[in-house]
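Engineer: Protein chains in written order, with this note's numbering: chain A, 1 to 275; chain B, 1 to 118.
Please keep in mind that the hints were generated in silico from the structure rather than gathered at the bench.
Given the structure is predicted, the values throughout are model-derived calculations rather than measurements.
Among these hints, one or two may not hold up.
[To be verified] Straight-line Cα separation of at most 25 Å, SDA-like style, residue types lysine to any residue; simulated pairs:
hint: 1; chain 1: B; residue 1: K99; chain 2: A; residue 2: R132
hint: 2; chain 1: B; residue 1: K99; chain 2: A; residue 2: F130
hint: 3; chain 1: B; residue 1: K99; chain 2: A; residue 2: H4
hint: 4; chain 1: B; residue 1: K99; chain 2: A; residue 2: V150
hint: 5; chain 1: B; residue 1: K99; chain 2: A; residue 2: V188
hint: 6; chain 1: A; residue 1: K194; chain 2: A; residue 2: M239
hint: 7; chain 1: B; residue 1: K99; chain 2: A; residue 2: R65
hint: 8; chain 1: A; residue 1: K40; chain 2: A; residue 2: V188
hint: 9; chain 1: A; residue 1: K40; chain 2: A; residue 2: L272
hint: 10; chain 1: A; residue 1: K194; chain 2: A; residue 2: R115
hint: 11; chain 1: A; residue 1: K194; chain 2: B; residue 2: M1
hint: 12; chain 1: A; residue 1: K40; chain 2: B; residue 2: L6
hint: 13; chain 1: A; residue 1: K194; chain 2: B; residue 2: L6
hint: 14; chain 1: A; residue 1: K194; chain 2: A; residue 2: L268
hint: 15; chain 1: B; residue 1: K99; chain 2: A; residue 2: Q127
hint: 16; chain 1: A; residue 1: K194; chain 2: B; residue 2: L36
hint: 17; chain 1: A; residue 1: K194; chain 2: A; residue 2: M183
hint: 18; chain 1: A; residue 1: K40; chain 2: A; residue 2: K194
hint: 19; chain 1: A; residue 1: K194; chain 2: B; residue 2: M3
hint: 20; chain 1: B; residue 1: K99; chain 2: A; residue 2: M239
hint: 21; chain 1: A; residue 1: K40; chain 2: B; residue 2: M1
Okay, here's what each chain looks like letter by letter:
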Amino acid sequence: MSFHTLFLVSIAAGFVGAMSGMGGGVILIPVLTLFGMDIKYAIAVSIVSVIATSSGSASAYVRDRITNLKVGMFLEMFTIVGALAGAAITLVSGRRILFILFGVVLLSSWVALFRQRKATWRQAARQDAFSRWLELEGSYDDRSVNQTIVYRGVRAYLGGPLMFGAGLIAGLLGIGAGALKVMIHDLVMGLPPKVSTTTSNLIIGVTALAGTSVYLAAGMIDPGMTAPVILGVVFGAFMGTRLLVRLTNEAVRHIFLGVLLVLGVEMLLRGLWGV
Amino acid sequence: MDMESLVGYILLTGVLLSVALLAVGFVWRWLRVGSLRFEHSIVGMNFFEFLLSTLRQTASQAFRPRLFLNMGIAVLMLTPFVRVLTSFFYFAFVEHNWKYTLFTGFVLSMLTYSLFLR
């Protein structure tokens, strides 16, 4: 694939990814395969670019003290093992399986987004002993409501093992699996949505690096293909974030839901029919 | 400087430096041969060998556009690694939080192991 194609596709993926908050990988990989790239190479190229987008956005959130570093460090122990296992599985699995899995993950994300609950976050009534031992609490200044939000994480004993699964999917499919990580932080560990999203961003960088190292060892990281994708995704994400503030949440959701559905069905059919 | 600021600046510097190196590589290549296509691969190397070969070429001043591409990728891959390494030392020597030193140490050893894979 030429530099221009890779660069433009990556800008679009980074742009849509940043606007939806789901990262670029879920868009990038299906589109790269449509342009004829082998799905395994698309996964390898994508996971390197995930390091760039996650680290870029995490840097701002960490400095703003929204990210909870302790939650991140604890959960990284699980995601990193999952990512290594996932990437190793990709190396030996059949391509059709990967297409089907990708389609299933896209369509599940579509269902999750479609049914996105509008309930407001509520502080957990009491913290379990293990989460207290792990010091999983914190506070941040929420500028949108001019308030300091104090929170306590719960059910870390469940959140940890579940994050192994999120890491596995990330390594397996070359994506950040941010939606899944946020869901675990949010629904299982009771973290406020902003803390969930930003902490997930921090974790994704390390998970993606573990996955990248497996693909690098397999000789699947081609600098000539990877570099335009990194540049494009970072540039697209930068533009997407700028535009995000001007669009309504509803508009962004509609655009993204449409894209996700089409790509999910397309990947699933290609896997089933072996195209 | 607290850990949040330190981690934030490490991540920001890593990504910006990586993007700048990749951009220099492409611009140089385009000015030199009028094409943006690179045909080289990283085969049979783990990350540290890749890093060493990149550093060796940099030290011997064998500057070429593809060296900048390799440096950009190496810097990007080092960014989360340095972040974990810094957190490990911060937990150990500044916060004296042995629990999190152990957790971060585990993540660091898994990352180091993965970067030695070939």
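Engineer: If a hint holds in the structure, say so; if it doesn't, say that too.
Structural biologist: Against the structure, the hints:
no. : hint            : in the structure
1   : K99/B x R132/A  : 13 Å, holds
2   : K99/B x F130/A  : 13 Å, holds
3   : K99/B x H4/A    : 48 Å, violated
4   : K99/B x V150/A  : 23 Å, holds
5   : K99/B x V188/A  : 23 Å, holds
6   : K194/A x M239/A : 21 Å, holds
7   : K99/B x R65/A   : 21 Å, holds
8   : K40/A x V188/A  : 32 Å, violated
9   : K40/A x L272/A  : 17 Å, holds
10  : K194/A x R115/A : 19 Å, holds
11  : K194/A x M1/B   : 24 Å, holds
12  : K40/A x L6/B    : 35 Å, violated
13  : K194/A x L6/B   : 21 Å, holds
14  : K194/A x L268/A : 32 Å, violated
15  : K99/B x Q127/A  : 19 Å, holds
16  : K194/A x L36/B  : 40 Å, violated
17  : K194/A x M183/A : 12 Å, holds
18  : K40/A x K194/A  : 33 Å, violated
19  : K194/A x M3/B   : 19 Å, holds
20  : K99/B x M239/A  : 40 Å, violated
21  : K40/A x M1/B    : 42 Å, violated
Hints 3, 8, 12, 14, 16, 18, 20 and 21 from the list above are not met by this structure, while the remaining hints are.
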